[in-house]
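Student: This is what each chain is made of:
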Amino acid sequence: MKTLFYRFRKPLLLTAGALILFLLWHIAAAAFDIPLILPKPLPVLKALGQLLGTAVFWKSVGLSVLRISLGAAAGLIVGFLAGILSAASDTVRTLLSPLFSVIRATPVACFIILAWVFIGSAQLPVFIAALMVAPVMMTGTLTGLKSTDGALLEAAYLYRLTFFQRVRTCYLPALLPHATAALVNCIGLAWKAGIAAEIIVKTKDSIGYAIWDAKSWNVDSTLLFAWTLTVIFISLLFEYLFRLLLKLRKESGNVA
Amino acid sequence: MKKRILLAFTLILFLCISLISCANSTTPNDEDSAGGNDENSNSPTSSGYTVALDLTKEWDKVSDTELVQGCLIVNKKFAESHTNELASFLSDYKNSIDFIKNEENINTAAQMVVNAGILPNVNVAKQAIPRSNIAYMDGAAMKAAAQGFYNALSLNSPDDAFYYANTGDKSLASAENQIRVGYFSGTTGIGMAKMISDADSKYTFTQYDGPTTIIPAIVKGDVDIAALPTNAAPNVYTQSNQGVQMLAINTLGVLYVCTNGTSVSSLSDLAGKTIYVPEQAPKLVLQYILERAGVEAEISMEYNLDTLPNVIAQGIVTIAVLPEPKVTVAGNLYAAAQNAN
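Chains as they are written, first to last, in my numbering: chain V, 1 to 256; chain E, 1 to 341.
Because the hints were derived from the structure by calculation, they are not lab data. Careful: at least some of the hints might be erroneous.
[Said to hold, decoys possible] Computed list of lysine to aspartate or glutamate pairs in EDC-like fashion (alpha-carbon distance at most 20 angstroms, straight line): (1) E:K76 to E:D200; (2) E:K220 to V:D205; (3) V:K215 to E:E80; (4) E:K76 to E:D64; (5) V:K215 to E:E104; (6) E:K76 to V:D33; (7) V:K59 to E:E302; (8) E:K202 to E:E279; (9) E:K170 to E:D98; (10) E:K220 to V:D220; (11) V:K59 to V:E154; (12) V:K215 to E:D209; (13) E:K283 to V:D205; (14) E:K283 to V:D33; (15) E:K77 to V:D213; (16) E:K126 to E:D160; (17) E:K126 to E:D98; (18) E:K77 to E:D269; (19) E:K61 to E:E80; (20) E:K94 to E:D222; (21) E:K143 to E:D64; (22) E:K170 to E:D209; (23) V:K204 to E:D306; (24) E:K101 to E:D209; (25) V:K204 to E:D98; (26) V:K204 to E:D209; (27) V:K204 to E:D160.
Everything numeric in this text was worked out from a predicted model, so none of it was measured.
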């Protein structure tokens, strides 16, 4: 029994922590006693359970995940390429830096409103997710490439390695830790910003639209909280999956 | 090395261009500013923006229930201890509604509504107020109308305890008691514009951003009476442990079928067309009316309340159902676009 506890202590402690959170929530809701403003956890979980059985739920979740993943992927590619270019040429880096500074400095809500006019409700979450990922990826790639070991490069020159061999042995090992760390950092951001965009512009068939609908038409706080739990859960799932990916990379060794 | 940089650069450019063009290919706003004006001048039979059908009248034709879209709710605890004050309030409220409804007073009423922040300007107010079907109902009439409305749209219909029976005696009302009233911009607030303008010391009026902020306020007791869309009231009742009651109905229907570039003179003209609605309430009302009238049409919710007035004013869609004051706003947008030509 003791060894079981020891082996599974991490998941057990995590579950215990989550249960304590729910308990605190329940106490607060019971004390406040206005379900409209703060519903109790059990009705919320029940509502969530009911949601899981509806087709609308899965359609909205699927499409939201798809949209934001596409946006994040696009941002990843753009950021990655921009990072490579910036690392290769100082001119490019200085030219690009005002653009990325502006993107980093502008509040997300501002971008949502500004871009809404040009892009329309359906594609806006894709764009916002890309916008969140691109600057972080660029900085990550740039830092990674800049941190390549100079001595290793000299050795590669001495051994007359080709460009691709140099990439594999010098650049890639330096780049990957920074790039993957950047990615894990901004994936949560992309998801949150994407959902915020969906709520503001009410993208059809999306989680954001369901949240807005629950608030405005149904005036149903229980439903609202249930959807929010879904968003939180998916965000945690994404982070967990990416961490898993990171661990696999580390275990297999970075040298390709 | 330089060649690869160039290659990467062109790749990024290509990606950006494809992303932007993909986004632009489905933007309604962009498409119309190039083609919208042309459409209006090219099609000889297009009749411009018209408010074609009054859905309140259409509802009455097909149903013996009533379309009641705006109401007042009262905090239940307050109602239980202030029956006489509420009777006095309701009497003043009825007078206010009668004043604003009266066509002779439209100029004064419009100014009052604008001063209270309920509608944006006098131009919009003068057109929107008559079309908002302001009416006063309380007690048994209110209960019958509301229940009929909820049952017609299959919304959850609360029990009898939800409806406030106006049994107080206004002559017994204590002059000391302050009643705090909340409202927000839009048709549900129009009825009280005269009371706001009269500024009787018995009443304090607070403007809120909308249902989102007014609902917690009345449930918590920060205001005693609040204006609200009728469809939201039952949910507030259930979610606040029966903490509110419906006090009065202040608006019948505010929905209109608006057309731009096509001609619709009766409900049957809508058969086989695509009608654009901005949100749930108009959609349910339209579906109910079409079903009862036996008219089959396609309903699309592609545009929402912010974008649909623009879209119909520019003729990108030809048939839309809008609530006041958006009906008037869309009309003004259309007129402005025509003048700019």
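Student: With reference to the structure, classify each hint as holding or not holding.
Tutor: Hints and how they fare:
Note on K76 of chain E and D200 of chain E: the hinted pairing is violated, with a Cα-Cα distance of about 23 angstroms set against a maximum of 20 angstroms. Between K220 of chain E and D205 of chain V the alpha-carbon distance is near 33 angstroms, which puts this suggested pair outside the 20 angstroms criterion. In summary, the hint linking K215 of chain V to E80 of chain E is not supported, as the alpha carbons are separated by about 29 angstroms, beyond the 20 angstroms threshold. With a C-alpha separation of about 30 angstroms, the suggested pairing of K76 of chain E with D64 of chain E is violated against the 20 angstroms cut-off.
The suggested pairing of K215 of chain V with E104 of chain E is violated, with an alpha-carbon distance near 40 angstroms, which exceeds 20 angstroms. With a CA separation close to 15 angstroms, the supplied pair K76 of chain E and D33 of chain V stays within the 20 angstroms bound. With a C-alpha separation of about 17 angstroms, the suggested pair K59 of chain V and E302 of chain E falls inside the 20 angstroms cut-off, and the hint holds. Between K202 of chain E and E279 of chain E the alpha-carbon distance is near 37 angstroms, which puts this suggested pair outside the 20 angstroms criterion.
Distance hint between K170 of chain E and D98 of chain E is fulfilled; the C-alpha atoms sit about 18 angstroms from each other, no more than 20 angstroms. A threshold of 20 angstroms between alpha carbons decides the hint, and for K220 of chain E with D220 of chain V the separation of about 16 angstroms falls inside it, so the pair holds. Simply put, K59 of chain V and E154 of chain V have alpha-carbon atoms about 54 angstroms apart, too far for the 20 angstroms limit, and the pair is violated. Of the pairs offered as hints, the one joining K215 of chain V and D209 of chain E holds, with about 14 angstroms between alpha carbons and a cut-off of 20 angstroms not exceeded.
A threshold of 20 angstroms between alpha carbons decides the hint, and for K283 of chain E with D205 of chain V the separation of about 16 angstroms falls inside it, so the pair holds. For a cut-off of 20 angstroms, the pair hint linking K283 of chain E to D33 of chain V is broken: about 34 angstroms separates their Cα positions. Between K77 of chain E and D213 of chain V the CA atoms are separated by roughly 29 angstroms; this puts the pair beyond 20 angstroms, and the hint is violated. Proposed proximity of K126 of chain E and D160 of chain E is contradicted: the alpha carbons are some 37 angstroms apart, above 20 angstroms.
Annotation: proposed proximity of K126 of chain E to D98 of chain E holds, straight-line Cα distance about 16 angstroms (limit 20 angstroms). Note on K77 of chain E and D269 of chain E: the hinted pairing is violated, with a Cα-Cα distance of about 50 angstroms set against a maximum of 20 angstroms. Restraint check for K61 of chain E and E80 of chain E: not satisfied, since their Cα atoms lie roughly 38 angstroms apart, outside the 20 angstroms limit. Proposed proximity of K94 of chain E and D222 of chain E is contradicted: the alpha carbons are some 24 angstroms apart, above 20 angstroms.
Annotation: proposed proximity of K143 of chain E to D64 of chain E holds, straight-line Cα distance about 15 angstroms (limit 20 angstroms). About 31 angstroms separates the Cα atoms of K170 of chain E and D209 of chain E, which puts this hinted pair outside 20 angstroms; it is violated. At most 20 angstroms may separate the alpha-carbon atoms for a hinted pair to count; K204 of chain V and D306 of chain E meet this at roughly 14 angstroms. Distance check on the hinted pair: K101 of chain E and D209 of chain E sit about 25 angstroms apart at the alpha-carbon level, beyond 20 angstroms; violated.
Restraint check for K204 of chain V and D98 of chain E: the C-alpha separation of about 41 angstroms exceeds 20 angstroms, so the hint is violated. Distance hint between K204 of chain V and D209 of chain E is unfulfilled; the C-alpha atoms sit about 24 angstroms from each other, more than 20 angstroms. Our distance criterion of 20 angstroms between C-alpha atoms is broken by K204 of chain V and D160 of chain E, whose separation comes to about 37 angstroms.
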